[in-house]
Structure formats: C-alpha cells, structure tokens
Amino acid sequence: MSKGFNWYHFSSPQTFYPLAGKMIPWFWALAALFGIAGLIVGFLIAPTDAQQGEGYRIIFLHVPASWMSMFIYLVMAFWAALGLAFNFRLSAMMAQALAPTGALFAFLSLWTGALWGKPMWGAWWVWDARLTSELILLFLYVGFIALQASIDDPRRADKAGAILALVGVVNVPIIYFSVKWWNTLHQGSTVNIAKSSMAKVMLVGMLLCALACWMYAIAVALMRVRKIVLERERHTEWVKAELAQEK
Amino acid sequence: MLVASHLECVRGERSLFRNLAFRLDEGELLYLQGRNGSGKTSLLRMLCGLLPPAAGEIRWKGETIGRLGEDYRRELCFLGHLNAIKEELTPLENLRASAKLADTPLDEDLALEALETLGLAGRADLACRYLSQGQKRRVALARLVHERKSLWLLDEPFVALDTAAVELVAGLIGAHLQRGGLAVLTTHQPVNIPAGTVRQLVLGSC
Amino acid sequence: MLVASHLECVRGERSLFRNLAFRLDEGELLYLQGRNGSGKTSLLRMLCGLLPPAAGEIRWKGETIGRLGEDYRRELCFLGHLNAIKEELTPLENLRASAKLADTPLDEDLALEALETLGLAGRADLACRYLSQGQKRRVALARLVHERKSLWLLDEPFVALDTAAVELVAGLIGAHLQRGGLAVLTTHQPVNIPAGTVRQLVLGSC
Amino acid sequence: MLNAVFSLIARDLRLGMRRQADIASVLFFFIIVVSLFPLGIGPEPDQLRRLAPGILWVAALLATMLSLPRLFADDHRDGTLEQLALSPQPLGLIVLGKVAAHWLVSGLPLTLLAPVLGLQFDLSSEALQALTLSLLIGTPALSGIGAIGAALTLGVRGGGVLLSLLILPLYIPVLIFGAGAVEATVTGVGAQAHLSLLGALTLAGVFFAPWPTAAALRIALE
Amino acid sequence: MLNAVFSLIARDLRLGMRRQADIASVLFFFIIVVSLFPLGIGPEPDQLRRLAPGILWVAALLATMLSLPRLFADDHRDGTLEQLALSPQPLGLIVLGKVAAHWLVSGLPLTLLAPVLGLQFDLSSEALQALTLSLLIGTPALSGIGAIGAALTLGVRGGGVLLSLLILPLYIPVLIFGAGAVEATVTGVGAQAHLSLLGALTLAGVFFAPWPTAAALRIALE
Ligand code: HEM
Ligand SMILES: Nc1ncnc2c1ncn2[C@@H]1O[C@H](COP(=O)(O)OP(=O)(O)OP(=O)(O)O)[C@@H](O)[C@H]1O
Ligand SMILES: Nc1ncnc2c1ncn2[C@@H]1O[C@H](COP(=O)(O)OP(=O)(O)OP(=O)(O)O)[C@@H](O)[C@H]1O
Ligand SMILES: [Mg+2]
Ligand SMILES: [Mg+2]
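Chains as they are written, first to last, in our numbering: chain A, 20 to 266; chain B, 2 to 207; chain C, 2 to 207; chain D, 14 to 235; chain E, 14 to 235.
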C-alpha cells in the first residue's frame, strides 16, 4: 500500500510540478560539468587520428547523439505505454515532453553523420541500413509530434500518440543491430574501437559526452513537462494559485 | 436493468452535464429531451460505450458496461444521426450486411419482409444513392423490425420520415417495449409512443 | 410571379409526377407535401434550375428560368437536405463565405448577430465539426436572417431543430412573406407559419 | 463579381490551411515519391543526376493528379457545390477561382520545394533554375486541365480511375515539355523553346478549361 | 464469430466491385507510375532493366498508400464504423477482415499485374518470378501496417499527410526487402533471405497490427 501510495503521490501533476522545478538546476549543472569534461577529453587529451585527421573528433557528438536518440525513444514509449495502460496523466505528458528532444538528437546524429560521411565515404548520404533506420527514427519522432499536434483533444492525442510510439519501438533494435545484420558502409559497434590504440581515451570522452547529453535531455524534458502541466491543468485551482504566486 | 450514476460529460472544455443518474427497467422507455447541443447524442454514445464518461459509471444488469464488453454489445441496437448505410449497395444488401454483423443473420425473404414493412417494397433493388432522404432513413430503421436486441438506443429516429412512417416506427418501439425491451429515445418531434412507463430526462440548456 | 406548367419529373425509369402546375405570387407560401420519395426534393431542384424537367416549364416574372440564368439565381435562396457548411470552418466563417458567394457580403458584426439570432452565440468560433446535429442545421439556416432574396426554396428546414428553433425559423419565413417574398417549403413536421396565403400542393404517392 | 471569386479563393485557401492535409499531403507525397526512388533504384549519384528531371516532373504530376478527385468532391458531398451553382456568378468564373486556389495549394508549393529536392540529386544550379521555371509555368496547366476531369468524373462510379484515364493523355504533353526543358538545359541546348510551348499549354489550360468544367459540373448536379 | 468477419469481407468486396474505383484506381495508378517513368527518364533498355524492381515496388507501395485514407474514412463518415465498433465481434477481428478485404482489392491485383508490367521492362523470367513472389508475400504487410496509420489519422486535421508521415517509416523495410529480393535474383545472389524477412514482416504486420488499429479506432470514435 505505502509503495503504491508513494507512486500515486509523485505521479500527480500537482506534487510533481514543484519537485521538477527543484531538480532542473541540478541537471543543468551536471550537464555542464560532464559537457566540459567531455570536451576537454575529446579535444585536448585525445590524440589526432592517423587516418582521419582532426575530423574524427565529430565522433564525440555523433555517437552520444545517436545513442540518446534511440534511448529517448525507448523511454518515451515506456511512459506512453504507462499512460495508456493506467491512465496516468503525468506519464503521457512525459512522453510528449521527451519527443522534441529525441527528435533533436536523431537530427543531430543524421547531421553529424552526414558531415562526417562526406570526407569518409565521399557522399553526404547513402541508403544503407543504419542510416535509413536512423532516418526512420527521425520520421517516427516527427510523426509522433505531428499526430499529437493535430488532435485537438489532449486525451485523444495522448492515446493516439501512445499507440504510435509503441508500434514504432520495433525500429530501435533494427537501428542498433543493423550493422550486424546487414553489411553496411557504416562502422560496426564499439568493439572495433576498443581494439584500436586510443580506445580508452576515446571511450571515456564519448561516455562523458553521452552523460552530458543525458543530463541535458532530462533537464530540458523536465522544463517542458512543467510547461505542459501548466497548460493542461490551467483550469484547476492549484495552477491558478501557482501562477498568481509567480506573479 | 440499465443504471447510470453520477455521469458527467465533458466536450472540449465545456461540461455538458454532470451528476446525471437514471434507472431503466424492462419495458420502460427513457425519453431524452433537451435543446440542440444539450448533450443528448453524447449521452447516447456513452450508453453505447463509445464515449467514456468523464466521471460516473453505467451498469447493465449490475455489471459495468466496460467490463461486459461484447456481451453488452450483443444486446444493444444503436441508431445514430447517421444512417450507416452504404450508398452503393441496395437496401436489401445493406440490411442483410448489418444483420450479419449483429450476429442475427437474415434470409432474403425475411429481409424483404422487413423492407416491405417500412414501405420500401419497390426499392429493394435500387442502389441507396437514388433513394430520397426519408427512404434512406427507412432503410436504416428496417433493422428494428427483425433484430431482437433488448436495449434500443435511438437518436432522432423520426428525422426525415413522413407521418405514416413516424407512426409505424413508433409502433415498432411500442411493440419492443411490450416484449419487455428497454429503449432510450431522443426526438424533437411530438410523437405518441404506445408505452407503459415513460421516464423523462431533460438535459440542461447548453 | 413563379409559374410552373405541365411539369414532369422522371427519375430512373419512374415518372414521379406529371402535368404539375402551380402559380405563386408575392407574399405567398407554397407548402409541398407528399410521402417519402414522392418527389418533393426533385421538384425543388427543378425550381432552382438544377434539374431540368422532363417536360413543362418554369417561369419567373414571365421569363423561363433557363433564359434568365444568373438574374434568376440572384433572387434565389435554396436550402437543401445538405447543410452546405464546411466542418473545418467556424460558423462565422461559413456564414460569411456563403454571404459573399451570394453577393451579399456581411460584416463580422452582422454575421455574429445572425448567428446569435439562431442561438449560436457561444459557438461562433468553434469548428462546425464539433457542433451537434441541430447546431449545424442552425448554421445553415443563419443565411435566412440577412440574405434579402425574394424566393426561398426550403427543403425540410426544420429537421434536427428543437422546438424553440422551429418556431424561430417559422417566424423568419413569416417575416419574409410579409415583406412580399415568396417561399416554397417542404416539411413532414406540423409547423405553424404566420403566413397570409398558403397554397398546398400534395405530390402523388410514389 | 470578381469579388465573389476572390472570396471563394480565400475560402478555399483558408480551408486548405485549416485542413493542412490539402497542402501538406500533396507536398509530402511529392517528397516521398522523389526520395523513395533512390531507395528502390540504388544510390549511384551519376545515374540519379541523370534521372532527376524525369523523377521530379513525374512526381509533381502524380502529386497534382492525386489531389484532383477532391477538387469538387468535398463541395459536392456537403452541398456546397449546389450553392456554388446557384450563386449569381457565372459558374465558369467560380471554377476559375477554384482552379486558382488549387494551384496555390498544390502547384505553387511543389514549385517552391522542387529546387530543394533537386539539390538532393546533385543538380547544377542552371538545371535547378530550369526545373523551377518549368514547374512554375507548367503546373497551372495541370490544375486547369485536371479540373475538367474532376468535374466529369464527379460522383461517377469508378471516379478515381476514370479521372486518371481522362486526364493522363492530356498531361503527357506538359510532362514532356516540362522534363524536356530541364534536360535541354543540362545538355546545354537551352530551354527556351520548351518553356514557351509550356506557357502556351498553360494559357490554354487555364482560360479554356473552366467552361467545359462548369458544364460538366451542371450535369453532375442534375 | 468468424462468420460475421467473412460477411464483412464479402460486403467490402461487393462494395469494391460496385464502386470499381477502389480496385481499378489503385491498379491504374500503379500502371501510370510504372509507365510514366520511362517517359520521364528516357528509354535506354539497360538502364530501365536495372531500375525496374525499384520502380515496380515503389509504385506498388505508393498505390497501396493512396488507397489507405479511405480504408476507414468512408465507414466513419456514414456511421458504419460506429456499428462495427458496436457489433458483438472483437473489433480487432473486424479490422483483420477489413485488412483482408483491402488486400484483396489492392495488393492482390497489383501482384497479378506486376509481371505483365515487368515484361515491359524486359525483365528475365526468374526476375519476374521473384518480383511476383515478393509482392505476394510483401503486400499484405502494406495493408496491415497501413491500417494502423489509417486508424490513427481518422478524422484528424491534416489526415492525408499525417498518414503518409506515420506509415512511410514503417513501409521502408518492406520496400527494401521487396526490391532487394528482385535485385538479388537479378544479380544471382538468390532471393531466399530477403523473402523470408519479408514473410516475417508480413506475419507481424497482419497478425499484430489489427490490435493497435482497433484501439486507435475506438479512440477516433470517442
Ligand atoms: C547520416 C549518417 C549516419 C547515421 C544516421 C549514423 C548513425 C549512427 C548510430 C545510430 C550510431 C550508434 C549505434 C551504435 O552504437 O551501435 C552510430 C555510431 C557510430 N557512427 Fe554513425 N551514423 C552516420 C554516419 C557515420 C559516419 C559517416 C561515420 C564515420 C565514418 C560514422 C561512424 C560512427 C561510429 C564510429 C560510431 C560508433 C560505433 C560504436 O562505437 O558503437 N557514422 N552512428
Ligand atoms: N471541442 C469542443 N469544444 C466545445 N464544445 C464542444 C466541443 N465538442 C462538442 N462540443 C459541444 O458539445 C455539444 C454536443 O452535443 P450533442 O451532439 O450531444 O447534442 P445533442 O443534444 O445531440 O444536440 P442535437 O439536438 O442538436 O442533436 C454541442 O453543444 C457542441 O457544441
Ligand atoms: N435511378 C432511379 N431509378 C428509380 N427510382 C429513382 C431513381 N432515382 C431516384 N429515384 C426515386 O425518385 C424519388 C426521389 O424522390 P425525392 O428525393 O424527390 O423525394 P422527396 O419527396 O424529397 O422524399 P423525402 O420526403 O424522403 O425527402 C425516390 O422515390 C427515388 O426512389
Ligand atoms: Mg444529437
Ligand atoms: Mg426530400
């Protein structure tokens, strides 16, 4: 009972709103911290690559962005499913708040990949499995956002979005394993790098950058969730009180 | 048998009604009244299970309709503002298709009989597209002749019907009630239904 | 003013009526009656010029309506079974668009007033898709408040309206007749229209 | 008189905005067709560059054709078409208004989008210019000619196919001169001749087509 | 129970026959897309042969996608969908019936037509076989997956685009394996692997998709 109670307590928008407000600055601070550390490792400590020159440093943005784009989708689908199954108001809002950030990372992954691809493969874009499935991921994010935006009734928008998010989950393993299942132009998974000489430094740099992205994603999502809560609950007493207080 | 309690209906940001409750027993007619936009259609759709109520619950024979699911739908006959007939098909085909869907298949003779009852004898083989407004409504209403469901939810069944047809349909509803059926009805026309108990429910002004 | 002679209507292979004739003068109402499918809608569409009669002719102020063309249409207001409103647009936008098309532009205040007359005050800015059946019909009828056309052809205007709205629209028709307008009306509902001369025309059974 | 026509255009545009589908689905379809081909065909850039004008023009033509069945169908279904036919304006003029609105929500956005998609195919800047110009001149003809087909097939059994059947032969010249203009530029011949033929087609399409269309609409309403 | 579903399929097929448009317009669109490309691209037979699998598959995919918006929209507009949702059968089963009917009037005729069109492109008989087989196996997935999108966008502002936006990402794998199978045959690698992946997609699409579709339909009816 007490466990269940806690859950319901924190999943109520009213209790969550101030809590989120308190957490946001911490996540921003962590994001900055990890970001700076990652940049130092990536740009100052990591040596220049023999074959790829300085250009390879784009990996410190490319890989974290790719990871995050997939991870955020999973989290988003999780919240959406929870909202659909149990009618939790807050979790649907979480899903809605995560989507734009996920889309941003998917876009970044594609963009940095394309930038990198030009010198590496001589083309901005090739239709290989990894690239295509990442593009599909971006489409899924955009579709999710567009679907929610074009349904006026927020309850219906949540449910429809949740169904789409759940259906799209199949794409994530496809992205991840695409390099294994098909032989592609794209680089294989981490193991390849681990064998190379500068693996450790690079891995640390990438992990730091990934952590920074993660913290950033949480901070931004929390901010967005607060906004959504205010908008959706604007007729309730507590929001009116909250807004009056802020003024 | 059909019991609604504490029902609330919210559309957009407008609450159409709240704390609505009624009870309907066998052989009884619930006559829903209210201005345009007062929420009659919305209430009927809630009673069907199409629209989840914002609050409150609806019970059929003591069980909530959400839980009953298909078992509830098997006893239900809903007729909405829309006729649910296909313009490309003939009245006969329309009627037989809807009967099969409701799991009460109908052979051709019975179907023709039902159509005849509704005055469509000469039109059974004409695509519904060519029918007049009232004739289309009659095709939709032909289901009432043969489907033996216990709960009828009728949303303005008399629209576009001429006076003879209105009387006919009123008679069908009366016979249904006599058999121990339940019916919920909305209409803006003054109609005389030969029913035992008629409960009136007036929805608030919009 | 509006004179029809020897009209015949053929739909498919069925002749709905033949040798139909009437004359309608200023301030008069023609009340079309008949069973479902007897050809009321078809006759109204002939009077509009949408459906060419199989035989006979229709004259407006002595001239056949085919010859008059746009000049006839300028004096005409037709309301059919369909509402001719766009579900995506708001009542206000719908009303103003149809007014402009009829060459009787309407500023926003007047349009709002017309909608208010029909009891849509609070709904002027809601997409018509969300309106109830009766409210949609009211939007279509709002044209009658301001359009100053001399001939009204109304095909079951009262469908889906609640009693208050029926009275209101009946009043609008009455006022139109008082101003010297002409009106042709079909309806299956018993309605009391405050008109001077009412001519009845009963179309044969189908 | 023109006032009413402009207001009709405005209404149609507003509807387009409200639905968004009308504009965006044509555009999106265009993007899809154009981007799917590399997926199906294979990504060799040289081959793609050679195919680009054809693919882009075919895609524009298909996208326009797809939006045609709805040109009058929505108005027909909800009774607006009757009201249009009964308005005191000549129906031909009203049709012209609808054609203009149709072009504004389909042909024009396609034209604006085409150079961006052309970039994907690595086209040279002159080729891109020729492409845009040919689409700008040619797409109004697609809307105008298409309206005839849309009106003729209104409410007819099997409307969709019939429409394509009727319209397609009339579209082929537009396609040939349009894609031809781009190819001529690429091969350095100069697109002048193609473009003026295209212009002639458009003038004919836009100013002649509304009258048969209006007649067809009246028949559909009987 | 299954009885009602079969009768639904029969009704949809009869509607398709009555309208003809449903079947023929999809087919005709397919033919148009496939035949227009040589017009736009130029008639070199070698190049055409190379492009054929891609063009045919893209065309089949587009043709299916185009017929999707109407999958539930007609039933929604005339109130039939309410009645379907209120019938005593599980809605998922009813959706399965509608998907089957949709495939029978779109995917199947496409499949039967494809080899004829493939001949036009001078494809070898093995390639034609692989094409037909891949379409036969793959098109049910298109109908099944498409139903989800059609249900999600039912009655939604901007439905048409949204539908393409939602469905397209999910169609891409089908396209890749489908066209891949034909290409693999042409290059002599053997289509086995591609075809079994396609089969898996179809099984998943047809038997998994009706449930989210049914849920989405209930939401649309609220
Ligand atoms: C637009 C094009 C590209 C996209 C969509 C893309 C996508 C991705 C994704 C999703 C991942 C993470 C998956 C995983 O960890 O297994 C990833 C990792 C990676 N990408 Fe890309 N990529 C693109 C272009 C490139 C290019 C051009 C290169 C360099 C030649 C590259 C090199 C890498 C490397 C080295 C990793 C890390 C692999 C690992 O450690 O697991 N990518 N990319
Ligand atoms: N999104 C929305 N925002 C505001 N109001 C809405 C919204 N959707 C629906 N409504 C309102 O909800 C009501 C729906 O009413 P409903 O269709 O149940 O009425 P009704 O009693 O059946 O009317 P009628 O007699 O005209 O059929 C209407 O008043 C409509 O304006
Ligand atoms: N192709 C056709 N073949 C046979 N009969 C047809 C055909 N097209 C129309 N009809 C008949 O023509 C009549 C059309 O009637 P109309 O719509 O004018 O009737 P109405 O008097 O307005 O009826 P309601 O009161 O129901 O609106 C109907 O009886 C219809 O069955
Ligand atoms: Mg109602
Ligand atoms: Mg009528």
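These are calculated hints, taken from the structure and not from any lab test. Do not rely on the hints blindly, as some may be mistaken.
Said to hold, decoys possible - Short derived list, chain D residues pointing at chain C, Cβ under 8 Å:
(1) LEU21
(2) ARG24
(3) ASP91
(4) THR93
(5) GLU95
(6) ALA98
(7) LEU99
(8) PRO101
(9) GLN142
Note that the Cβ used here is the ideal one computed from N, Cα and C, for glycine as well.
Hint check results:
no.	hint	in the structure
1	LEU21	holds, 6 Å
2	ARG24	holds, 4 Å
3	ASP91	holds, 6 Å
4	THR93	holds, 5 Å
5	GLU95	holds, 6 Å
6	ALA98	holds, 7 Å
7	LEU99	holds, 5 Å
8	PRO101	holds, 4 Å
9	GLN142	violated, 37 Å
Of the hints listed earlier, the one the structure fails to meet is number 9.
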